[in-house]
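For the record, the sequence lines run as chains S and F. When we follow my numbering, the leftmost residue of the first sequence carries the number 419, and every step to the right adds one. When we follow my numbering, the leftmost residue of the second sequence carries the number 14, and every step to the right adds one.
Honestly, I wouldn't trust all of these hints.
Partial list, computed: chain S residues near chain F (C-beta under 10 Å) [unchecked claim]:
hint	residue
1	Tyr442
2	Gly497
3	Val515
4	Gly542
5	Ala594
6	Glu630
7	Ile652
8	Ile653
9	Ala668
Far from chain F, by Cβ distances over 10 Å, these chain S residues were calculated [to be verified]:
hint	residue
10	Gly464
11	Ala477
12	Tyr479
13	Arg480
14	Leu481
15	Asp586
In case anyone wonders, no lab produced these hints; they're calculated from the structure. This structure is a prediction, so every number in the text was calculated from the model and none was measured. Where a beta carbon is used, it is the ideal one built from N, C-alpha and C, also for glycine.
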Amino acid sequence: MIATSSRRRVLPGFGLTLGFTLLYLSLIVLVPLSMLALRTASMGWGPFWATVTSPRVLASYRLTFGASLAAAALNGVFGLVVAWVLARYRFPGQRVVDALVDLPFALPTAVAGIALTSLYSSNGWLGRPLEALGLKVAFTPLGIVVALTFIGLPFVVRTLQPVIEDLDVEVEEAAASLGAGRRQTFAHVILPALFPAWITGFALAFARALGEYGSVVFIAGNMPMRTEITSLLIITKLEQYDYAGATAIAVVMLAASFLLLGAINRLQSWASRRGAVA
Amino acid sequence: MRRALTEPPVVRGTLLAVAVVFLALFLVMPLAAVFAQALEKGLGAYVSALRAPDAWAAIRLTLLTAAVAVPLNLVFGLAASWAIAKFEFPGKGTLLTLIDLPFAVSPVISGMIFVLLFGRQGLLGPWLGAHDLKVIFAVPGIVLATVFVTFPFVARELIPVMQALGNEEEEAARVLGAGGGQIFLRVTLPNVKWGVLYGVILCNARAMGEFGAVSVVSGHIRGLTNTIPLHVEILYNEYNFQAAFAVASLLAFLALVTLLARSLVEWRSRRAVRSDEPAREAA
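Looking at chain F on its own, in the form it has when it is part of the complex (with noise of 0.2 Å):
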């Protein structure tokens, strides 16, 4: 009876054996790939790549990027999330699928979007040339993008976690005569702080790593518009292949320390609720 509910320990063997190869070839390789370039001619070398006066205009421009993309979607996250569990009306599903357009938009088109806009022949660009302001091959046009792209990912994790967990406790704490702020700061966000987190881990990676929709608005200037991924290409296609793998080997570490945020957060969060399903994400 037991042995029937399982397969044969060689057919076990197998296909444990199958599912390494296939992740150790198509994960764990290319990650070794990265550091092993990285280092390849010693630490001096890569330490010196990382300071290079472009390499450290493209890290400032992505903190930037990011510190800027990251609170307002958080802020769009809690809002939409806010109006969409704790209240009924007309239109919600559709509402929800727009609220997920971005995830189906492909990288590319989302960069272009901004560049049909803005651009020199976009709607909006003889005004802005009338008006001396710049936003494609400028700083701007990168934030927008990059707002754009990151833009469902905290509302995507908090609005499934807020439908599951109800309306009561914040009904009783309005009986008692507790302010929407008071509710929302000392109820609502304890109760959903790990999705909070979680989704602001996935949307700061997204913000960082960006590459196809910054590339279509960036222009490329060095030390101007250049952020970490595109100062990455820059530097590979001048074959200056340590250089680049060394400058990716922080985006590399960067996506390792977002597994491990990641899965604590999984863990804490399905510690703390029990009984609750934690939403899984599909994309």
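Excised from the complex, chain S in its bound form (with noise of 0.2 Å):
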């Protein structure tokens, strides 16, 4: 307590700073964000749930989670291939790789979307030989699972990455000291000690898609029941001027979003409780 406020008489500009900080974060989040409790509250339970509970907007939600849990689970693999080979292996152009790995975050979801479907499209570079054996991707879920995919990718691969290059290597050389295999040793040691930063990038992964939109448009089709993801839906609301239709949806997806965001906090602060325990 003494500590705190003789820092305060030293450093000044404490009351402007934290002033504008908290009349900024007022007028451009808290404000706005409040409307959706504005309009769900004056909504009423009944037409909320008979909206949130619509056949097509159930369809939505089975189509956007289901394409999410596939999408991060493809990342879950892959991610962990990728960051394992970055973070153990040396080979030539790694630095160019490492840097690729961020494109999702950096490339405008829009252009990720064109590209995407212009790929899979049956004349793409891609989707002619995938329709030849049989498999269309553009225009089916398996398409908005390719572009989840994509806009997921960099987030298990740069949650593990700074944990494997963090292992400790005495650790495996007990492992392999004491006799045991490779595989041992991974299945034993090293997965394990991977697991919480593992299951923290697929969540982020998992909680980033359900709310995507642009790179998830053009691939997907938009076909009511089949093809049309829940953002769509919101914006479909939108612009009949249902406000409150839109609004209700939104609540349930935001709800849906918070709930992952707060068990990806207890996971993480789980994780490093564990960390200081080991």
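Now that you have both chains on their own, put them together as the hints suggest.
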């Protein structure tokens, strides 16, 4: 407490900077976001429930959650391989590959959307050979999974990579000197140490995919009940001036993403506590 | 002993091949597709697609939007990180969570909240209408939505950097008689300049490339409320693929420059502060 008050005396600008921070935060973030609560409250429970459980909306949840889960799972598997290769191996062009992993963060989603659509459409570089094998990607749920995999790609890699780099090699040496093969060391020593970061990356990719719009709308085909994601449904309602309906669906999606992010936070504090004990 | 610490060569080769094929398929091919299709009809068609009046209007609006959003969020980031890193106060954890809030809100919902506030049937809609002001389906709405989605970038980069640096240097400057502005410009800013630059680069990339949020508030009026990403969408939906990819190639180029600048800044800051771990960005 004494340290606090003396600190305040020493450095200037506390009132000014905190005041500005709170004012700007309120104007740009809190007031606009509170509109969701206001609209929902004025709606009443009956209409709210009817909107968020109508068949077309339910179909969009199933598609959005299913495709996001599939994409996060794909990234979970391949992201682990990429992170491992980047952290442990040395190969030519490594720095370029490392920088390129962040492309989905930097490339605007609309550009990703049209690029993936042209790649996987029936006369695209990948769509044509895949269609010859009987696999249609563009304008099907599979196309949505492809777009969401692109969007979520950096999350698993970037949460795992620093953890792999920081792994204590001595523990692996100990396992090896006690007679463990590489496979055993990996399964019993390395994987458990990576698990918290891995599941965090998975959850971040999943959360990001739930709200994604730009990269998906081009490749999805957007057929109601079949390839219509929830974000698009919100826009459709807004365009029909059905603000209440759009808000209701948005509140459900926002609640899902807050729950996920809350779980991620708890997971991370659990992981750091476990790390401190070990 | 050495052999047991790494995978057998066959496994190493396989893992490397899997990683390279996965990244080639999901990162390199989409990027290559953008440039290939942009140049499909030759350089002349490429240049004329970029020089079309509507494309120019979109480029100007995107530059204007970024020119408002980035400085605003830079000032906010500097103020917030000074208050949070240099002082102790109750509710700091809550404030940090609130600053991160825009990252948790999906693009479409980010645009929607401004429609609920300023739209024709929004809270302030009647008042705006009576005063003949337009926010939604106009430039102010686009700028506001962009400011919202890029809100946390600078603050989020700066807060951990400033916290890691501590207060000693600033306090020494204070004891030696420096004023607040002097301390900030001469002591703090030089120490955190790479963090500031990093945050600004990320903020700018998102401001210029945002699609979902801006799409909701724009109204898609050609030549008036179209940013570059929205113009790409219009051209694409008109089956004018070559022009769509030509305009999109500008954004792809911006993304590559962003990645390059980011790598350079990371490399420089690692060299400048060997002992301090650079804050890694998680989202």
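Looking back at the numbered hints, which does the structure fail to meet, lowest number first? none
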